[in-house]
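Protein chains in written order, with the numbering used here: chain C, 1 to 505; chain Y, 1001 to 1167; chain H, 2001 to 2100.
Treat the hints with care, since some could be wrong.
What the hints assert, rightly or not - Keeping only pairs whose Cα atoms sit at most 25 Å apart, straight-line, the calculated DSS-like set for lysine-lysine is: (1) Y:LYS1163 to H:LYS2086; (2) Y:LYS1162 to C:LYS40; (3) C:LYS110 to Y:LYS1163.
Simulated from the structure, these hints should not be mistaken for lab results. This structure is a prediction, so every number in the text was calculated from the model and none was measured.
Each chain is listed here by its residues.
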Amino acid sequence: MSAEIFQKIAETNTWSWIMPELAMGLLALSLLVLEVILPKVAHGAIPRIAILGQLVILGHVVTGICTGTLPVGEAFGGMLFFDETGQLFRVFFLGASIFVSYLGMVSLDKRTLPQVEYFHILLVITAALMLLAQANHFVMLFVALETATVGFYILVSYFRHTTVSLEAGLKYLIMGALSSTILLFGIVLLYGAGSNPALAGSSEDSLNFGNLAGFLAANPDDTLGLIGMILVISGVAFKVGAFPFQIWIPDVYQGAPLPTTALLAVSSKAAGFAMLLSFSKVFSALEDWFYPLLTALAILTILFGNFAALTQRNLKRVIGLSGVSHAGFLLIGVITARTVDWASIAILFYLFAYLLASAAVFSVLVHLNKDDDSDLTLDDLGDLAKKNGFLGLALAIGVGSLAGIPPLAGFIGKLLIFIAAFKAELYGLLGVAIVGVVVSIYYYFGILKSAFFDLWKFQTDEEEVPTAIPGIDLGFLGKLAILLATAGTLLLGFYQSPFSSWLLG
Amino acid sequence: MTDVFFYIFATAALAGALGVVFSRNTVSGAMCLIGTFLSMASLFVLLEAYFLAVIQVLVYAGAVMVLFLFIIMLLDVKETAAKKASIYTWAASLIGFGILITGVFAISAAVSIKNKAPTMPEASGTSLKAFGYELFTTYLLPMQVTGFLLLIAMIGVIVLSKKVNTE
Amino acid sequence: MISLEQYIVVSSLLFAIGFFGVLFRKNTLVIYMCLELMLNAANLALIAFSRYHGGMGGNLFVFFTITVAAAEVAVGLAIIVALFRKRQTVEVGELNELKN
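Isolated chain C (complex conformation) (with noise of 0.2 Å):
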């Protein structure tokens, strides 16, 4: 009995494929560890080990995936499914998490707050989306998803000593939790239609995908199905801040620490795409229902996003707002991916694209020294591109990639994701993501505006300028972020063989 039981779990269990996520667990305890057995002086190194071991991670993941080692295909009993989505995924998560690390680095140093918990924490979460992203069974995903959510409460709470940082993770914990909650009940609600026996294509096993997916086939009409995909997409649309449950973005983004804000806005709107990539093959057998719902979410999702962003002076605010106009583009991706085989890497590259520029963008908002981040309006960026020209040009490009401005990345992404709904002949979405384009270079120009034509504001006021603000400190490792950051939006707008090779092959 004993040596069949550890014959099954050498049998399913490969741990050497999750070697990433591993590894992101270990490096997340040993920053424990390094925090008791350091002398306190050397505590500053923490948070850049943190970084470090996120690049290895980093280069082993993209070596594999350069390389083609990479596994392909199910492990861990059905639990999780590897292929080249889920590894750019992972690569995405791991991205984002390096890049909060470091504003995680910069803006904690100035307070007098536990640091190494808020990598630790980080490091848990990313490795839990890494999973999420890979998950093939609703028991997985929803620990996974939790694991992370759990994670996000406290990152957005870490600022306890403000009030606003606390007040914005009550207000998270409470969406998150009836999110979760609604979730978890449509899942039951699969569970209870896949496991009927009664039923043809019903299996024991019917949270993992597949066999679900099955089910699915063998009976579309069946209510039970349909009501739990329509709670489960409830959940996710949550996450991804989707028009009916978008209310608790502006607010949570405001009051977060600038680095949770960041991590939100990025990784966990990437984990509520991943799952809608998963879901869309679960429950393609319900596509009569599927995809109307999602186009009625994006048209909803993209005219409420960016019209509410146009009255919004608070920084974090407009962008909370324009993610959530973000995630309406990306909905009109998941929507193609029906019909267009390549619109999942549109999707991703859509996804990197807003990666690297929200960290262009985040990286510089981190520098503007001002105490409470929550209250960073339209106004703290007046005279950022006088009094600091590289900063300037950062905030430029994230914002116009952010945009679509062309020739940067974000451009890019939204044209793949545009040309991949015009070959699905969504014309109908397209008019509706076009205006709202149209309508979010207006609010995407109020911040470049004043990051950088109120220069001519000095001649009126010059007296009270100069001395106001403190000069900016970039040092090193922030020159090489931003830098980083840039570059990267720029040449992914000029050079993009790799993902091409992709959609043409």
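Since the structure of chain C is already known, use the hints to place chains Y and H on it.
Coordinates of chains Y and H only, in the frame set by chain C:
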């Protein structure tokens, strides 16, 4: 005989749930919730999920609710009696409730139409051994992730409630 | 003999009552209790499905959701307590620092 128990405990669970929503006093709300959790544990027993019934009592009715009561007492929140729910809250809540009740009927109809399996399968959740076997074979990875979840929850609680050292 | 749909109706009703409570109540602690109620309703449905349809999947999932819920409660209450120390309130309506 078990039918009677089902009706008793189901009614108790629903009554407790209503008590949570409508009780003015937070402490009595929490007590109602404990009642609901205990009734649900009894329903678990009726469904022959004995292990989960025990876990339900230990974790939910025990640990979680004790924590809740502890926090309620600690904060000593004055229940503001004057603060009546506004008409909008009522409207929004009732609409939400209405949608869900429609969902309840749809779900029950869906279940009753589709569920024509005449015989009840053998109860599977009774054996603790079966639980352990599954948890450490098929579900090993989620198990490990849960470990990390509990770790970050613990660290998070410490970080959030440790005294801020103002140097 | 109690049928499956009776259990599912009880479970969905508990879920609906919990959802109503989340929308209706303004006290964060009560909202949080209602969320626990909703999670538990899902557990009941899982166990009922698992019992009537055969198979361990549902029972095992309950094991995970209970763990997740416990972790969530711990973190959530820590946030509520930390906020209460700052603001002396647990009412949702009074949390209004985050406005444009």
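Hints, verified against the model:
no.: 1; hint: Y:LYS1163 to H:LYS2086; verdict: holds, 13 Å
no.: 2; hint: Y:LYS1162 to C:LYS40; verdict: holds, 19 Å
no.: 3; hint: C:LYS110 to Y:LYS1163; verdict: holds, 18 Å
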